Structure formats: structure tokens, C-alpha cells
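Chains A and B supply the protein sequences, listed in that same order.
Position one of the first sequence corresponds to residue 1 (the working numbering), numbered consecutively onward.
Position one of the second sequence corresponds to residue 1 (the working numbering), numbered consecutively onward.
Be a bit skeptical, because a hint or two may be false.
One copy or any two copies: either way a pair holds, since identical chains are not told apart in the list.
Unchecked claim - Quick list of in silico lysine to any residue cross-link-like pairs, SDA-like style, CA-CA up to 25 Å:
1. 291 with 327
2. 125 with 74
3. 296 with 123
4. 296 with 275
5. 296 with 89
6. 125 with 242
7. 105 with 9
8. 125 with 270
9. 291 with 116
10. 296 with 138
11. 291 with 328
12. 291 with 104
13. 296 with 119
14. 296 with 40
15. 291 with 301
16. 105 with 122
17. 225 with 108
18. 125 with 222
19. 125 with 297
20. 291 with 26
21. 291 with 124
22. 296 with 258
23. 296 with 55
24. 296 with 4
25. 105 with 312
26. 296 with 139
27. 291 with 280
28. 296 with 154
29. 225 with 344
30. 105 with 292
Keep in mind that the hints were calculated from the coordinates and are not lab data.
If you're wondering where the values come from, they're calculated on a predicted model, not measured in any experiment.
There are 2 protein chains.
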Amino acid sequence: MSTLSPFTLHCRSSECGARRGEVRTLHGSIQTPVFMPVGTQATVKAVTPEDLTAMNAEIILGNTYHLFIRPGHELIRRFGGLHGFMHWDRSILTDSGGFQIFSLKDLATITEEGAAFRSHLDGSKLFLSPEDAVMVQEALGSDIMMCLDTCIPYPATREQTVASTELTTRWARRCRDAQNDTGQLLFGIVQGGMFPALRRSSAESLVDIGFDGYAIGGLSVGESKTLMTEMTEATVPHLPDAFPVYMMGVGTPADLVEGVWRGVDMFDCVMPTRNARNGQLFTSTGRIVIKNARYKDDTGPLDENCSCPTCRHYSRAYLRHLYQSREILSYHLNTIHNLHYYLNLMADMRRAIETDCLAAFRNDFYGRLEDE
Amino acid sequence: MSTLSPFTLHCRSSECGARRGEVRTLHGSIQTPVFMPVGTQATVKAVTPEDLTAMNAEIILGNTYHLFIRPGHELIRRFGGLHGFMHWDRSILTDSGGFQIFSLKDLATITEEGAAFRSHLDGSKLFLSPEDAVMVQEALGSDIMMCLDTCIPYPATREQTVASTELTTRWARRCRDAQNDTGQLLFGIVQGGMFPALRRSSAESLVDIGFDGYAIGGLSVGESKTLMTEMTEATVPHLPDAFPVYMMGVGTPADLVEGVWRGVDMFDCVMPTRNARNGQLFTSTGRIVIKNARYKDDTGPLDENCSCPTCRHYSRAYLRHLYQSREILSYHLNTIHNLHYYLNLMADMRRAIETDCLAAFRNDFYGRLEDE
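Only chain A is shown next, with the shape it has when bound in the complex (with noise of 0.2 Å):
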């Protein structure tokens, strides 16, 4: 319900869209362009928040589907909501549920109404109408709440996608009327497919009824490069200049410097926390997959450019025999790693961003890259 924007601008690129802001909420200041680690089930896999907080994440991420099946909102309302519950005293952003009933494929169907569907984990039937997951994400307490939105395939026709699209902006305006004045923060969740007009009624529509910030959604679902970057300049054009801009669910090192180029300044993805758990890791020279039998013996770091606690105290040879072993050690270390690595590129482009020199990084970027 504030109609006021909880984004302040610090200063533009004068070489491409990135800008470097700030987005208020009712846990603080994050700065942007920002990374948020991914805590599905009310814990960012195999950290700790003291670990969280070491890395300065500034926000973290939530997912509604899961928390409203097990443990529930109810139950996570009563311990102060999520802060409460897991322990972490800085923002938090729950997604609406809505691409995780998606996932759910022929356990889903979607109506007019909402989203009827049935349980992961018991095959119990459930329903969420936009009405619920404003209710549900209420009973969470996050900081960023957002809008149930429908999920488009990929590839689909212009048909699909007009109609699917439409029932997201419906069900957008549901959420804003269901939302109570609770200081939350909701955004808008534009969709529009592969389409660039689609992208930009949907934004246009969005922007009408009025949001605190404006997420792309959509994309990262199996389209080349080449179409995600089109269909972000497809959209960031039309979206208020003076309301944060959020790419969902993107996406890999390169994408981050990608979106933040063309003005995008909020990021979640699953990709460093479950890569760390497959034991791929991300260097500043590339990615090491670290049962490679080339780093039996290797008394080196992860990544010598790294200030993370994993590269300063462990070798790869090291971290290779804790993952053949199977070791909780792994998972730990491998995660702390590749968050870092997110975490640090993010304020190394806040620092470009602040010195005017995102291209020189940019280029830099790319350069340093020895296997990608």
C-alpha cells in the first residue's frame, strides 16, 4: 500500500543501464545491484546466518510453496514469522509459490481462481487463490512479498502466452487489494513470454495498478542467451526508473553481469548453493569441479584471488578428498565458497558501477574466464 518507492538511486553507468541504489525494507538497507541467496525451506542450504552475515548477504530469499506445506504459515507466524523462526535479522523475500506449483506440472491446475494442487511431499490437495499468498506470505513476515503469478512454457504460442499473461496481471491487481498495511513490500511479477510486446503490456499493466518494485519473471526457462537478453530490454525500459527491478531465478555469473549492465538490480538463483553441492565451484578464472583427479594432490586455494574463509584455510586437495568422502564438510565449505563468489562480484559491480568503469570490469570479466 506505500505509495512511495523504497528505492533510492546513488548513480547510473554512463556506459550502459546499471545503476546502483538501495532498496529500504523493514529490515534495513540492502544495497543494489544486490545477490540473494536462496533459503527454500527457511535455511540457505548447509550455512549458517552467522555464515550469511560474514559473506554481508544483505537479503535472502524464501520459498512460500514449500513453507506453506511443511511447516506451514500458521506455524511460522506464531515464532514471529520467518526472521523468528530461522534466526536472521536481516530483509527476507518470499516468491509467491507460483513458479513451484508450476513445477508441479500435472499435479497443478490453474484456474480463474488460483492454483489447485497437490502436496510434494503427501499428495494432499491444496489451493492457493493471489488472495492466499499475499495471507500466506503476511503470516511469513518478509520483507519483499510477491504476486502470484502464472508460469508460461517454454517454447509456447502467442496465445498461451497472451492469456497466461493476462491472468498474471489479473491476479496482480487481487494481490495489491488483498494486502494489508503491514510496512511489506510487494512487488509485480512481469511476464509476457518470448514476445516483446507481450513484455511491455504486462510491465505497462503492472505499473498501473502500482507496486513497490517490479521483478522479471520468466525467464532462465530453457531459452538462449541471446532471447533472455532480449527480453530484458524488452521489459526494463518500461518499468518505473525510480522502483527496484528484479530478475527471477538468474542465473550464472555471466548473467548477473549481463542484467546488472542493463539496469536489472536484484538477483536469486539456486545455482551457487546447488552447484557448491555437486561439488562445482566458481572461480574467478572459471569453473573447477573438484573431483577431478587433477586436484588430488593440489596444496593450492579454490581460487587464489578468493578472501572467502574456504580458500584462506583449505587446500583443493583438501576439499576433493572431503568430497569423495561424502563429508557435511563438503557441502559447507563449497557453499560458503561459491556464495562468496556471487556476493563478491555483486559489490565488485557496485564499486565499477560507483567509479563509472562497468565496461573495464566488464571486459575484465570476461577475460579472466579460462573455460567457460
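With chain A fixed as given, assemble chain B onto it according to the hints.
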């Protein structure tokens, strides 16, 4: 080859055999009685060295058998031993591998020369003599090495027990002879099964050879608590008062209280770490099975009398949620708590011995238990 004892006796209980002392190693001093967390594969499962330091663990245990097989002691030697490899600068005790090889059952053959066995990882044929066990532990660079011993099944005949115990003694002499002047301590292991006279003769033979400390092996193998206590009492009086006494692989919190009461200085056991991963938690009023539905919306800490990070920051309901969701953070937070419980129990007993009130402490310990 030290002839002086690494042990300093600070004070004794006037009520029982308990004693308060200190063991000096290459990496510092260890206050006794002490509990040693088990770090089988060069990591104490689910926690970092920093976590262990924060909970004041002064010594941890590594398993020679596991490290010999993967990643290999020669690799670890190149990293400055286990300390450098795993980033731990306090003391480490390594077992000899005897117990693990014995646990392989049909995959192992014991001869006068040593133990022939097959790797549990790839079935490859391996051999470990007493001299090899010392050589491997010297490569690992542990502060306290253990002699290779043979383990006795339970139950066993007197004849079996005599033969096995005498072989352990001959191997102990070979270990002592094989040892180089590295400053590492070497402990002998008393066997003798469930026969008091054999316990005594085993102890006396080892004392004749002369070690830096003495371990009580072959307990917690299925025998009754009464028998375990009898064997402890049949062994400790025959060990020299000036040297540390270590009870291997024991045990429950009550086992630690009873061991300390009878003069044991050092303990190790996988129970706090393994049970943590299975959701079984030790508290001042007994054990908690965290998956139990009664904790679903329990806002209280695991243990109101505990000052560990898990109890300070998280509710039973949250810990139950993490366990039910199979989140890695569950293993981490549970392990932090259980190890803190064990280490704190030992710290409490050290204080009780210093103030000569161990009998009162022991009564209070049993009086608090609700469900064991």
C-alpha cells in the same frame, strides 16, 4: 621414545579414583578428564575447526584406517600432516586402525606379522604391520599415536582372549621399537577381554615396555554396564599413576561419569556426533528425539540449561523442521549441541574434581535425568 610422562596431576578426588590433570603434546596442553570428538576422515562430521575451537575442544581423534585408505598418509604428509591438511592447530590423537580392521570381519586376516585386509572402498588388498601403523601415524603427524592392537570378539573364550592379548603385547613392543624420535606420544592398549586377571597381566606387560600413556581397549563391545565397570576397575589400578589413562570408544554421558569416577582421563566416542545426525540429542534432563511430533510447535530451546549456539538461537520446532526436511543445517546444529553437551559435561566434572564434590555432581547428574 620419551621416558618422562606427558601427564601432570593437578589434584585427586577424596571420594573416588577421579583425578584432574593435564597432558602435554606437541600442540599444547589438554585439560583432563577430556572428551575427544571423533574426526574419522580428517573432519569431525558436520562442524568446522572453528566450531570445535569455539566449544573448547582441545583434542580430536582421527582414524588411521580410513586415512590410510583415503586419501593416503603420504598425501597427508605433504600437507604438513593432518593438522595442515584439515586446518586444525590443536592436538590430534590417531587410533592405530586395529579396531576398524577387526570390524571388517571376513575381509581381514590377522597373523603374527600383522593384519591383511581388503579396503571397504574398492576391495583392494592391503597390509598393516605394527611397524606400518606407527609409520602411517608418524606421517599423519598426530600428537598421540596408538599401538596396533588385535580386538577380541565378545563373548570370547579365555583361550582366545589369552592368544589375542599376548599378540597385542608383542605388537606393542614392535610399535615401541619402530617409533622414531618425532616428539609424538605413543600409547599402549590394554586388552584382556572380560577376564580381570588377563586385564592385569596385559597392563603389566605394557607397563614393562613403557609407553607415554595407556588405553583400555575392548570395552563397549556388547557387554553389560556392570561388566564394563568391572573391567575398568580390573585395569586402572595396574596402570602407573603418573601416566594418562584413556578409555577407547566409550560412551554414553553416564559412561563418562562412571569412567571419570574410576580414574579415566581421556575418552572418545562417535555417539554425540552420530546421534546428532540421527536426531537424537543429549540434554541435562535426558535424550530428545527431535522428530517427535510433540516438538512441532515447541518454542523452547533443546535444553534450557545449555549455552551452545543451537540452544541460544533456535527452537525445538525449528530443529524439528530442519530434521524433517533433511536439511544439512540440521546435522550441523545438532552436532554443535551434542558435542557442546559432552565437552561441557567434562568441564563440569573437571570443576567438580577441583572442588572435591564429584559425588554430589554425580548424584545431581542422575537426579536430573527424566527419561533414561
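How the hints compare with the structure:
In the homo-oligomer, the alpha carbons of residue 291 and residue 327 lie at most 25 Å apart both inside one protomer (13 Å) and across protomers (23 Å), since each shortest distance falls under that limit. For a Cα distance limit of 25 Å, the shortest separation of residue 125 from residue 74 inside one copy, 18 Å, qualifies, whereas the shortest one across copies, 58 Å, does not. Within a single copy, residue 296 and residue 123 get their C-alpha atoms only as close as 45 Å, which misses the 25 Å cut-off; across copies the closest is 21 Å, which meets it. Taking CA atoms no more than 25 Å apart as the test, residue 296 paired with residue 275 passes inside one copy only; the shortest distance there is 20 Å, against 32 Å between copies.
Within a single copy, residue 296 and residue 89 get their C-alpha atoms only as close as 40 Å, which misses the 25 Å cut-off; across copies the closest is 23 Å, which meets it. Taking the shortest Cα distances, residue 125 and residue 242 never come within 25 Å of each other, neither inside one copy (41 Å) nor across copies (70 Å). Taking the shortest alpha-carbon separations for residue 105 and residue 9, neither the intra-copy value of 40 Å nor the inter-copy value of 69 Å comes in at or below 25 Å. With identical chains, the CA atoms of residue 125 and residue 270 are never at most 25 Å apart, being 27 Å at best within one copy and 42 Å at best between copies.
Taking CA atoms no more than 25 Å apart as the test, residue 291 paired with residue 116 passes in neither setting, with 42 Å inside one copy and 29 Å between copies. Proximity of residue 296 and residue 138 under a CA criterion of 25 Å is satisfied inter-copy only: 21 Å between copies versus 49 Å inside one chain copy. Proximity of residue 291 to residue 328 under the C-alpha cut-off of 25 Å is found in both arrangements, the shortest distances being 15 Å within a copy and 20 Å between copies. With identical chains, the CA atoms of residue 291 and residue 104 are never at most 25 Å apart, being 32 Å at best within one copy and 27 Å at best between copies.
For the identical chains of this complex, residue 296 and residue 119 are inter-copy neighbours only, at 19 Å across copies versus 43 Å inside a copy, given an alpha-carbon limit of 25 Å. In this homomeric assembly, residue 296 and residue 40 come within 25 Å of each other (Cα to Cα) only across copies, at 19 Å, whereas the closest approach inside a single copy is 33 Å. Only within a single protomer do residue 291 and residue 301 lie at most 25 Å apart by alpha-carbon distance; the minimum there is 15 Å, versus 39 Å between protomers. Taking identical chains as interchangeable, the C-alpha atoms of residue 105 and residue 122 lie at most 25 Å apart only when both belong to the same chain, with a minimum of 16 Å there against 41 Å between chains.
Proximity of residue 225 to residue 108 under the C-alpha cut-off of 25 Å is found in neither arrangement, the shortest distances being 29 Å within a copy and 57 Å between copies. Neither within a single protomer nor between protomers do residue 125 and residue 222 lie at most 25 Å apart by alpha-carbon distance, with minima of 29 Å and 49 Å respectively. Only between protomers do residue 125 and residue 297 lie at most 25 Å apart by alpha-carbon distance; the minimum there is 23 Å, versus 53 Å within a single protomer. Taking CA atoms no more than 25 Å apart as the test, residue 291 paired with residue 26 passes in neither setting, with 43 Å inside one copy and 33 Å between copies.
In this assembly of identical chains, the alpha carbons of residue 291 and residue 124 lie at most 25 Å apart only when taken from different copies (21 Å versus 40 Å within one copy). Within a single copy, residue 296 and residue 258 get their C-alpha atoms no closer than 35 Å, and across copies no closer than 44 Å, so neither meets the 25 Å cut-off. In this assembly of identical chains, the alpha carbons of residue 296 and residue 55 never lie at most 25 Å apart, being 28 Å within a copy and 31 Å across copies at closest. Neither within a single protomer nor between protomers do residue 296 and residue 4 lie at most 25 Å apart by alpha-carbon distance, with minima of 56 Å and 40 Å respectively.
For a Cα distance limit of 25 Å, the shortest separation of residue 105 from residue 312 qualifies neither inside one copy, at 44 Å, nor across copies, at 41 Å. In the homo-oligomer, the alpha carbons of residue 296 and residue 139 lie at most 25 Å apart only across protomers (17 Å), although the nearest pairing inside one protomer, at 49 Å, exceeds that limit. Taking identical chains as interchangeable, the C-alpha atoms of residue 291 and residue 280 lie at most 25 Å apart only when both belong to the same chain, with a minimum of 9 Å there against 32 Å between chains. With identical chains, the CA atoms of residue 296 and residue 154 are never at most 25 Å apart, being 41 Å at best within one copy and 40 Å at best between copies.
In this homomeric assembly, residue 225 and residue 344 come within 25 Å of each other (Cα to Cα) only inside a single copy, at 23 Å, whereas the closest approach across copies is 55 Å. Proximity of residue 105 to residue 292 under the C-alpha cut-off of 25 Å is found in neither arrangement, the shortest distances being 36 Å within a copy and 33 Å between copies.
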